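> Sequences and hints are given; from them, build the entire structure.
Taken in order, these protein sequences are the chains called A, B, C and D.
Each residue of the first sequence is one higher than the one before, starting from 62 at the first, in our numbering.
Each residue of the second sequence is one higher than the one before, starting from 62 at the first, in our numbering.
Each residue of the third sequence is one higher than the one before, starting from 62 at the first, in our numbering.
Each residue of the fourth sequence is one higher than the one before, starting from 62 at the first, in our numbering.
Hints in this document: simulated from the structure, not taken from any laboratory.
You may find that some hints are simply not true.
Which copy is meant is left open, so a pair is good if it fits within one copy or across any two.
What the hints assert, rightly or not - Here are the computed lysine-lysine pairs in the BS3-like style, where the Cα-Cα straight-line distance is at most 27 Å:
hint : residue 1 : residue 2
1    : Lys-313   : Lys-406
2    : Lys-236   : Lys-313
3    : Lys-419   : Lys-150
4    : Lys-419   : Lys-406
5    : Lys-75    : Lys-236
6    : Lys-236   : Lys-406
7    : Lys-75    : Lys-406
8    : Lys-406   : Lys-172
9    : Lys-172   : Lys-236
All of these numbers come straight from a predicted model, not from anything done at the bench.
Residues per chain are reported as follows:
Protein chains: 4
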Amino acid sequence: MARFEGALAAACAKAGLIPAAHAQAIQRACAEARFDPAELALAAREAGTLAIPFLEALRRQVPGDAASSVHFGATSQDVIDSAASLCLKAGAERLEALIGELGDAAASLAKRHADTPTIARTLLQPALPVPFGWKAAVWLSFMARSRVSFGRAAREACVLQLGGPAGTLSGYGGKGAEVATAVATELGLPNPGLTWHSARDGFARLGAETAILAGAAAKIARDVSLLMQAEVAEAAEPARPGRGGSSSMPHKRNPALCMLALEAGQRAPGLAATLLAGLSPEHERGLGQWQGQWLTLRALFMAASSALSAMGEVLEGLEVNAGAMQANLARLAPPASVPADDAAKAMIERALAMWREKAP
Amino acid sequence: MARFEGALAAACAKAGLIPAAHAQAIQRACAEARFDPAELALAAREAGTLAIPFLEALRRQVPGDAASSVHFGATSQDVIDSAASLCLKAGAERLEALIGELGDAAASLAKRHADTPTIARTLLQPALPVPFGWKAAVWLSFMARSRVSFGRAAREACVLQLGGPAGTLSGYGGKGAEVATAVATELGLPNPGLTWHSARDGFARLGAETAILAGAAAKIARDVSLLMQAEVAEAAEPARPGRGGSSSMPHKRNPALCMLALEAGQRAPGLAATLLAGLSPEHERGLGQWQGQWLTLRALFMAASSALSAMGEVLEGLEVNAGAMQANLARLAPPASVPADDAAKAMIERALAMWREKAP
Amino acid sequence: MARFEGALAAACAKAGLIPAAHAQAIQRACAEARFDPAELALAAREAGTLAIPFLEALRRQVPGDAASSVHFGATSQDVIDSAASLCLKAGAERLEALIGELGDAAASLAKRHADTPTIARTLLQPALPVPFGWKAAVWLSFMARSRVSFGRAAREACVLQLGGPAGTLSGYGGKGAEVATAVATELGLPNPGLTWHSARDGFARLGAETAILAGAAAKIARDVSLLMQAEVAEAAEPARPGRGGSSSMPHKRNPALCMLALEAGQRAPGLAATLLAGLSPEHERGLGQWQGQWLTLRALFMAASSALSAMGEVLEGLEVNAGAMQANLARLAPPASVPADDAAKAMIERALAMWREKAP
Amino acid sequence: MARFEGALAAACAKAGLIPAAHAQAIQRACAEARFDPAELALAAREAGTLAIPFLEALRRQVPGDAASSVHFGATSQDVIDSAASLCLKAGAERLEALIGELGDAAASLAKRHADTPTIARTLLQPALPVPFGWKAAVWLSFMARSRVSFGRAAREACVLQLGGPAGTLSGYGGKGAEVATAVATELGLPNPGLTWHSARDGFARLGAETAILAGAAAKIARDVSLLMQAEVAEAAEPARPGRGGSSSMPHKRNPALCMLALEAGQRAPGLAATLLAGLSPEHERGLGQWQGQWLTLRALFMAASSALSAMGEVLEGLEVNAGAMQANLARLAPPASVPADDAAKAMIERALAMWREKAP
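Now the structure itself:
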């Protein structure tokens, strides 16, 4: 929020709307200001928005007359939404790195096990032989598509919000577009050219794509945890002291990382639904639908990040038991069925190519 | 489903996998076959999938030996998913037409009312003057972005599913890619090159975008219904005999079309969440998560179509009461506030440009 | 809807508000009236409510002046909500019967297998020995609690709605309470004494309890389908020709009934969320939140009924393989662990007692 | 969690299962132990459960051999779920107090304004005259029913969890029931007599009832915020310096407290859906569905508490403008309509009686 106010002051000074000295004082204060989160939280509840107590606290730290130039022409939602965009942009970069790691690990498994026969299972029953690499290729194709879609949604959602009270930049006397461009450049956010105070599709789309990431990790966790059943024993999470133990049964080894991904996948759809239900705020700034969206997006980003990082670690160290796969195959595959063939290998190749081609 | 089986038979014959005479008999049967939906529904419940009784009914209508070539190399989910893609593709085209009509109507209002002053309302309280066209421009920007995203999601989701029991095209003896290409071409569906039996992000994404469409229509309905309050009276749904009456109060005129859009917007998020919660089916074909997805997507498409068509009709015939706007403005705007200015007009222009540029 | 209008006419005549001859004509028409659903559906969309075209169609079938007494003092929402209550009451009775059958089957398994040793599985890993009956006892305890809660929610939700345009019975000249009592008695619905046009907690609560029923069935389906994995093979759905086959792999036997319950459990939470999101309609009759609730409740009731009946059939015919349980136990239980003991049997007894005590 | 372990040690000593000296040492440690939340959080992620690092930290603070008696016969989920029950029980008491305050304020308005005429509004259009007290009576009836249902759900959900690894109390050598009773008594939690590790209906039901509370507050907020529109001006949130101001428009007075309730009502349904989707964990302890339930319930309790306390403050200080109501009525009511009558007053009386009768 302070970064936004600093950038706004600089832009307004550049456009001749506030004195340059004011802008310098505000920028310095924004860079150095200290805030008491607990105090701000209580005051925000009282005020109905964090922006008001935040601006009061900021103005107290801006010397002299310059305080009167803080937040020039802007509205509460401008600073709240732009600050959310800044946080989400950083979060999205972290998520994209985790997608990359998880996808790379899946790609590596797909390649390494293109010739490792295992049994496909459909409706939880043994079906026909496939290479184990095909399983990883399906995970990979999911990650490849989702990387592209999530990245696009993040770029489109994490943009500047600046319009002033009515959303039209009317407080900048004809220089609104110039100010918005300068603020956007300074913050490293795209300038969408139009305010989105009451058109919240960007955040809804980002929420859905984040839930899809959690779901992709949960899909991998579902398969690994089923393969890790003692009765199946075809693959296992990497072992590590202190990981996946039991408080009552020392002999147990639990799929603790898969649990993290499944837990996140469980929580994400309801959170995404909250954002999809927040698309009809009233008039030019709604009452209640948008105010908690940053909170919901934060929960979604944390869930997806927990899930992706857990499964990245799992796939990087996955213990694949080719012998158990062979034994299960011999026992469970229909007698006439042939081992994994060229068709499957070709599909694995296509998934690998898709992952490479869709790299950012 | 019959179209899929017909196309598959043709492709298999072309690849030399089944006799050409079989393919001709199957294609003819697929074009002419008659099915009893009630009987199929009951049998589907018994079988655990519609595919099995459907194929039995189809085979009964294929003469002679040709019946043995029906569904060659395919699996139940291939025909279910591909048939869903075909239906959804047609539905998506209808939704895109409705988006176009609604957006065009919003564009027309934005242009026509670029100079009609009204009051912006934030947190349900009067704020500052804006042109009424700015309200329509916000609706338009929402539609412009959503048209692009929905169209892309529909194209990526409505694709061929063909892989056979394990998803790897292993039943086509090295000719799987050739068969898949031919089936896709015949059906007019893209061939994704990879099966997605257990990677359901495409349908989840399409569900989210469809919910966003319902939300966009609900946003417009929210604003119009609030403007239509007797105490505000700045705009109204087009009147028509039999529309929006009351069963008990003949004097009333209800926002009946806005109600349809708000109702759809109410129902869509939960349906989209169901699809977002269905991303982690077990192994190569899951148990329970994917089987009802076509049902949920059907409900979503119907909701969005109801909402978009209702609001298209509203915006095309919207009664705008500029006098009431002027009166409310005089009464409610802060004394010092100036009427709508060039900044707002520039924003309206940008929304119109965005709508034009993002046309399909 | 016709039953409601007939009962209303009779009550109004009894209270001296409309002529007795009118009431008789209306009652006769309501008993015999024929409606064209497709025509009503289209007209309902036009009117913004089914009530208006329904009343028109009904009045056309009421001879002479009596038509003017139809719907006396009532409002559209009265007939829509009361008709929904009537349908849901019948549906709830059917669901309660299915709960009874499923619970009885679980009770029978719990009793029969109080001494059948199997291995408990926690976090999808083998833990300690328990009787197989303990598994069934957990299912039973879930059903026992849910039967009570669902029954209560249904009784509290399926009640008369009668208040007239403003919800206060103001159209009955001091005889409103008398009329409401008579209508309620005639319809066999409780009279809540207060209208609930805009306080929709009853339907929300019923939706949540219905989702819990679907979830209870899905829990049983989860366990049975995992036990039915070929690698575990400790239990199986009852076999039947045509049940659970595969369109491509004749050797397969799929858990087709478990699939139905898991599918329903997948769809129910989003539907219940729609009702929980519909608690804040505007003023005395809202715009959009309540109008589709009957549709959502219908989908929920169908999902729960599909799930409960499928799992009732599964538990009644469950194939329990005690030998496989013993073999898995010997292979997977920690060496020191003792077989199922009196503690578990006591718990099974408590679950059986709870089921008996909580019988309706 | 420490309270649970202390109570367990005492109960085990009383049953002769661990030395009395051990129990005393453990109880003392549990009362005085200090934990580093940040360290525990990181270790919990590693271990897959908070229970393991918590128990390690606790054992380090228990002197000598007594550490070996910590957590006797219990499992991780026992301490996690019981601790959640303890927290939720305290939270539920707070929520019930807030329900009481909000309901009392609504009751007071209903009584005070039984003769204040206003206009009912249906589908956002003026309908017929009602007393303003009728509006409050509808709010009150919602609160009355929800108080009963929430209280019951909280009492049924906030119960002891104690069963050991397989849920059957098998670790207590025939004294399980005795131990469970003693632990329950010490903690002030009911002993359900059966473990619910894998039958999570209690938490799901509590989540739904909590969402209904948020919805009840949102319903009141919806009405008050609509009445507070400048064009309607029939009621207003209590004013207070620093409350509901605008960062850009000093003339504005925003419904800041209503916003809090609407925001909570927006977020609650998705959270409740997460719990309704967590009813089918695998076998005796599931992987992923239950582990985050305390987190979701915490978010729900915070949302409901925010909403109820905000609206309690609103209703206690609601500014009712009877003159504006009269003026709007004169302007908007149909000419023939009569003022609020005895029927409405009788309904108000019934709502007041319901609130009194359903007091805890």
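> Now tell me, hint by hint, if it's right for this structure.
Here is how each hint holds up against the structure:
Only between protomers do Lys-313 and Lys-406 lie at most 27 Å apart by alpha-carbon distance; the minimum there is 25 Å, versus 36 Å within a single protomer. Taking the shortest alpha-carbon separations for Lys-236 and Lys-313, only the inter-copy value of 25 Å comes in at or below 27 Å, while the best intra-copy value is 67 Å. Within a single copy, Lys-419 and Lys-150 get their C-alpha atoms as close as 20 Å, and across copies as close as 24 Å, so both meet the 27 Å cut-off. Taking CA atoms no more than 27 Å apart as the test, Lys-419 paired with Lys-406 passes inside one copy only; the shortest distance there is 20 Å, against 40 Å between copies.
For the identical chains of this complex, Lys-75 and Lys-236 are intra-copy neighbours only, at 10 Å inside a copy versus 66 Å across copies, given an alpha-carbon limit of 27 Å. In this homomeric assembly, Lys-236 and Lys-406 come within 27 Å of each other (Cα to Cα) only across copies, at 13 Å, whereas the closest approach inside a single copy is 60 Å. Taking CA atoms no more than 27 Å apart as the test, Lys-75 paired with Lys-406 passes between copies only; the shortest distance there is 23 Å, against 60 Å inside one copy. Taking the shortest Cα distances, Lys-406 and Lys-172 sit within 27 Å of each other inside one copy (9 Å), while across copies they are farther apart (51 Å).
Taking the closest pair of Cα atoms, Lys-172 and Lys-236 come within 27 Å of each other only across two copies (22 Å); inside a single copy the shortest separation is 56 Å, beyond that limit.
The structure meets every hint from the earlier list without exception.
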